[in-house]
Every structure is written in C-alpha cells, then in structure tokens.
Amino acid sequence: MKDFSLESLFAITRDMLGDLFWPAIIAGVIIALAFVVALIRQRGFRGPAARRAAIIGLAGALAAMAISPLATQAGFANLHGAVDFITLALIGLAALAGFTIAAYAALGNWRPA
Amino acid sequence: MNPIFPMTLRFPMTLRGLDRRTFLRGSSALAIAAAAASHNAAAAPVDTRARIVIAGGGAAGLTVASRLARRLNGAEIVMIEPRMEHNYQPGFTLVGAGVKPASYVKLATADFVPSGVRWVRESVAEFDPAANKVVTDKNTALSYDFLVVATGLVLDYDAIEGMSRDLIGKSGIASVYAGPEQAEASWKALAQFCETGGTGLFGRPETEMKCAGAPLKQTFLADDHLRRKGIRGKAELIYNAHNPALFSVPKVDARVRDLFARQEIKTNFSHVLKRVDPARRIATYATPKGLVEMKWDFINIIPPMRAPSAIRKSPLPWQSGAWAADGWIEVDRATLRHVRFANVFGVGDINGVPKGKTAASVKWQAPVAVDHLVATITGKPATETYNGYTSCPLITRIGQAMLVEFDYNDNLTPSFPFIDPLQEHWLAWVIKEKALKANYTAMLQGLA
Numbered sequence: 001m002k003d004f005s006l007e008s009l010f011a012i013t014r015d016m017l018g019d020l021f022w023p024a025i026i027a028g029v030i031i032a033l034a035f036v037v038a039l040i041r042q043r044g045f046r047g048p049a050a051r052r053a054a055i056i057g058l059a060g061a062l063a064a065m066a067i068s069p070l071a072t073q074a075g076f077a078n079l080h081g082a083v084d085f086i087t088l089a090l091i092g093l094a095a096l097a098g099f100t101i102a103a104y105a106a107l108g109n110w111r112p113a
Numbered sequence: 001m002n003p004i005f006p007m008t009l010r011f012p013m014t015l016r017g018l019d020r021r022t023f024l025r026g027s028s029a030l031a032i033a034a035a036a037a038s039h040n041a042a043a044a045p046v047d048t049r050a051r052i053v054i055a056g057g058g059a060a061g062l063t064v065a066s067r068l069a070r071r072l073n074g075a076e077i078v079m080i081e082p083r084m085e086h087n088y089q090p091g092f093t094l095v096g097a098g099v100k101p102a103s104y105v106k107l108a109t110a111d112f113v114p115s116g117v118r119w120v121r122e123s124v125a126e127f128d129p130a131a132n133k134v135v136t137d138k139n140t141a142l143s144y145d146f147l148v149v150a151t152g153l154v155l156d157y158d159a160i161e162g163m164s165r166d167l168i169g170k171s172g173i174a175s176v177y178a179g180p181e182q183a184e185a186s187w188k189a190l191a192q193f194c195e196t197g198g199t200g201l202f203g204r205p206e207t208e209m210k211c212a213g214a215p216l217k218q219t220f221l222a223d224d225h226l227r228r229k230g231i232r233g234k235a236e237l238i239y240n241a242h243n244p245a246l247f248s249v250p251k252v253d254a255r256v257r258d259l260f261a262r263q264e265i266k267t268n269f270s271h272v273l274k275r276v277d278p279a280r281r282i283a284t285y286a287t288p289k290g291l292v293e294m295k296w297d298f299i300n301i302i303p304p305m306r307a308p309s310a311i312r313k314s315p316l317p318w319q320s321g322a323w324a325a326d327g328w329i330e331v332d333r334a335t336l337r338h339v340r341f342a343n344v345f346g347v348g349d350i351n352g353v354p355k356g357k358t359a360a361s362v363k364w365q366a367p368v369a370v371d372h373l374v375a376t377i378t379g380k381p382a383t384e385t386y387n388g389y390t391s392c393p394l395i396t397r398i399g400q401a402m403l404v405e406f407d408y409n410d411n412l413t414p415s416f417p418f419i420d421p422l423q424e425h426w427l428a429w430v431i432k433e434k435a436l437k438a439n440y441t442a443m444l445q446g447l448a
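Chains as they are written, first to last, in our numbering: chain D, 1 to 113; chain C, 1 to 448.
Hints in this document: simulated from the structure, not taken from any laboratory. We treat Cβ as the ideally placed atom computed from N, Cα and C, and that holds for glycine. It is possible that part of the hints are untrue.
Here are some, though not all, of the chain D residues that point toward chain C, as calculated from beta-carbon distances under 10 Å [stated by the list, open to error]:
1. Asp-15
2. Ala-34
3. Ala-74
4. Ala-106
5. Asn-109
6. Trp-110
Chain D residues, not near chain C, derived (Cβ > 12 Å throughout) [unchecked claim]:
7. Ala-27
8. Phe-85
9. Leu-96
10. Arg-111
Pairwise CB distance ranges, derived in the manner of DEER restraints [said to hold, decoys possible]:
11. Pro-45/C to Val-29/D: 25 to 35 Å
12. Arg-228/C to Arg-43/D: 37 to 47 Å
13. Pro-45/C to Ala-82/D: 15 to 25 Å
14. Asn-73/C to Arg-111/D: 25 to 35 Å
15. Gln-192/C to Ile-67/D: 25 to 35 Å
Please construct the entire structure, taking both the sequences and the accompanying hints into account.
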C-alpha cells in the first residue's frame, strides 16, 4: 500500500470497471446532481418520495448482500471471521446509500403528468 | 410528525437561492482539493540525455519503463521485447482451475508501452556489460549508459525426462505455467480427473520458481473441485514437496501442513520429479532413498525454471553460491544494483535474491531500481530499498484464500492489518479474484 495515491486508486478503479468506467462516472454524476435537485425541490429528504426511496434502498442493500458472494463465485459458507462479515455489511451500506440516492433522485424529481 | 420517518432532513427555506450558490462554490473547492490531493508529491522529472536499455518487456520491464518515462525528461529509453502478447500470469492458476477463461489473462504489450519509450521487438541474444552493450537476435547492437535486466525466466520442461509442452492436457497432465492455452488445457485435464477420481500428484521443482505458492493453490483447488463433485472419497491427492518444507516461511508452512491434514492431502518430502511416462502414467521421483515411481491419473507438473540462455552465457549471474547454477543475476538484495557492474540493475524473476519471484515483488522492486538509477544520474543519494516483499494470495478453495505476504526475514508483512494472513477469508479471495488484475495493469503503467 506504499504507493497508494488517488492516482493509483483512479487507475485501479478504471481498470477494474473497464468499459463500464466512464458510463458509471457519468451516471454517478447525473444521479448525484439529480439527487441534489430533488433535495432542493422537496426541501430536504422528506415525504412519500423519501419513504419509497428508503424502501428501495433497503431492498437494494439486501439484494447486494445476497448477490455479493455469488458474484465472486463464492457462497455464504466462505465467509469466515469478522472481516468477511464487516465487508459484507459495508457492501450493504454502500448499496443502501446508492439505491436510496438513485431512487430519490428519480422519485423526488418526478412530476406526474 | 411522520410516524415511520420521524427524522427528516430539512433544509432552510433559502436553499433555492443562497445554498445553490454555496453548493456550486463548494463543489469547485472540492474538485480543486481533490486534484491537489491526487497530485503526487513526486519531484519534477530529471533532465538527462542518458541512454537506458531495458532487457525484457514483461511485467518488470513495462513497469520500469513506465516509471522511468515519468521520472526522466530527455532520456533515450529502449525496451527490448519480442512478444506482442502480454500475459497476466497471476491469473494462470484461476484459468487452470476453471474459474476464469483463457481470455482473462491475455493482454497486449502495445497497450502498456509508455510514450517516449522505443520498443524494439527483438530479444537480447548477448549481454556485454563490460562494453555497456547488448546485441539482439537480429544483430541489433544497443549501447547504454544504464541497463535494466528484466528478462524473466525460462521454463525448462526438457529437464524432466519424457515431458514436453505438447503433452499438457493429455494423459492427465496439467501445467498452467506454459501459457493461457496450456492453463485452459490443464483445467480440462483437472475437470476430467474430477469426474473419475483416482490418484492426483502435485509438487514443485527444486529450482527457484515464480509464484512458489501456486503448486499449493492448485492442490487445494483440485481438492475443492473433487468435493464439489462429491467424489473426494474416490480420489487420493499426494503433494510431493521438493525439500523438507511445504512453504519457505515457517509460519505459513505450519499452517499449510494443518490445512493439508484437514483436507486429507498426503505429503511426501524431498521428492523431485525426474521423469514422466505419459503412456503408462508413471512419474519417477528422486528421493533420499533412491528413485520412487508413482502412478497418476492426474499430475500437475511445474517445470524447473532458469535464467534465459543469453543471461547464463553472460557475466551477469552469480559466479558461486546457491543462485549460480541456474543463472540468476548477482544484484544487491536491497538496492537491486548489480554487484559487479554498477550501471546494471535487475528487476523481477531474473534476480538472484532470497525472495521475490512474484508480480507483487515487481511492484516493490521496480521503484527501488528506478530510484537508484535516477539517483546515479542526479548524484543525489537514493532512499528506496527492497526488503524482499513477496505476496502470495494462497487460495485454499474457490471462495477463500489466505493473503500471505512476507519479507526476506520470513516476517509476515500484511498490507491490510485487519486481514489475518494465516486465516482463510472470503475478502482475500475477493481481492485475488476481483482487484489484483486491475492493480497489476495499473502497476504496468507505473501507477501502482
């Protein structure tokens, strides 16, 4: 980890995601901006949109945690020790945040016709 | 108050005006701060007209080329490498175990040659360090001010009587080191063995080798596949160690012995593979008690490994001692500078040092060699040293690995203090299966 700089992290993330890297960055920026706009429009994280977003976030977190071992060709039986379960929990938290933000970005800006 | 979500995030009513501007200003500041933080505190490039030849364009050669191209301005850097394809060799074990396809490990050299570095698509046939010159197989003579030897090693299948590369995948013979196609053929041989069971033989050569943990990983993966197929009881797995240990680091050796016992993998010590008879599927080992024959249904063969012929014929190898016989070059273990030719450096598998024939070792060796080379140019003291760092994600089954890292003194040196290196973890497997290849390609670009 001696040479671990932001430049290294950028290069590693880019190479991990491959062709998905720039689409993911662009999508992330759009979602983040839409989330901020939703916060402004809704005057915060509130109301039915927030409730639905939180439920979607929770579902996303559970799905991410369920899929994660499978996505690495492993199973839950391979989790061993605190570090593995903490890793899974962190994946869940990241998914909770991501799905909630994305859902609120959509729901908080949606205006029925 | 909302009974379900009593706590809601509220913004002041002035959000639409004032805070949007604040948000934009804050975003700009954040971006500038991120750019400043990401800017390496590295010194400005060194102006020089030095001529630098890098012999070899594999993991070590490309990494050194990338780092030198960043550190130097005006240098003439030439990399000599005949191969268009570049293989991600740490992935061979995964291909050989059916976890990844052969395409997973195939890269292109051209994608990683840094701009400003001249790529000569030939191989070095002669090293003449006294004359500061190398000559290629096409009779191209290249003089240099500095030479970085990054040739890697050669696989000596001929040293095993009866063995040749074209046998891989046939008669139950596996050998992933030979290349992506051979790794894939090895998987087919292993898959066949896991349908029928029988006797599986594993081991390693008595020479130095790259990734000394791979033979153990392959044994564990074979065991795992047999268990997944439900026929482990119909198979006998035997690991023939070349000396009295399973692993050179005592703590890891003890752990592997425990795991082998748990997985009912038999072990023999001081068994060196000398001959194979593919038709009769009999392997012959040299042991302290004489030659021993063993029948196989599956055999994982790892060939002896040596320095390339051009190196062995040159004055660069150790002239005496443990590394002389196989031609490993004589470098100072801490600085990687050649002991007798001060303008020559070694990086990667070619070095005659106690540890460090892995991709992770290249990651730590390259900055050290580059630092000392550049220091010689500038006349300033170098600061980097190599402590023998070696990393071996020791896969114990699909889905688990031990993240073993150590130095010259057999100290365990974990990069992640929260991962016990002697325990099997899913996270270690995830790092191996998902993150290491990206780390490797970043290393080739001088970015990790």
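Hint check:
| no. | hint | verdict |
| --- | --- | --- |
| 1 | Asp-15 | holds, 4 Å |
| 2 | Ala-34 | violated, 14 Å |
| 3 | Ala-74 | holds, 3 Å |
| 4 | Ala-106 | violated, 18 Å |
| 5 | Asn-109 | violated, 15 Å |
| 6 | Trp-110 | violated, 19 Å |
| 7 | Ala-27 | holds, 18 Å |
| 8 | Phe-85 | violated, 9 Å |
| 9 | Leu-96 | holds, 15 Å |
| 10 | Arg-111 | holds, 17 Å |
| 11 | Pro-45/C to Val-29/D: 25 to 35 Å | holds, 32 Å |
| 12 | Arg-228/C to Arg-43/D: 37 to 47 Å | violated, 55 Å |
| 13 | Pro-45/C to Ala-82/D: 15 to 25 Å | violated, 45 Å |
| 14 | Asn-73/C to Arg-111/D: 25 to 35 Å | violated, 57 Å |
| 15 | Gln-192/C to Ile-67/D: 25 to 35 Å | holds, 31 Å |
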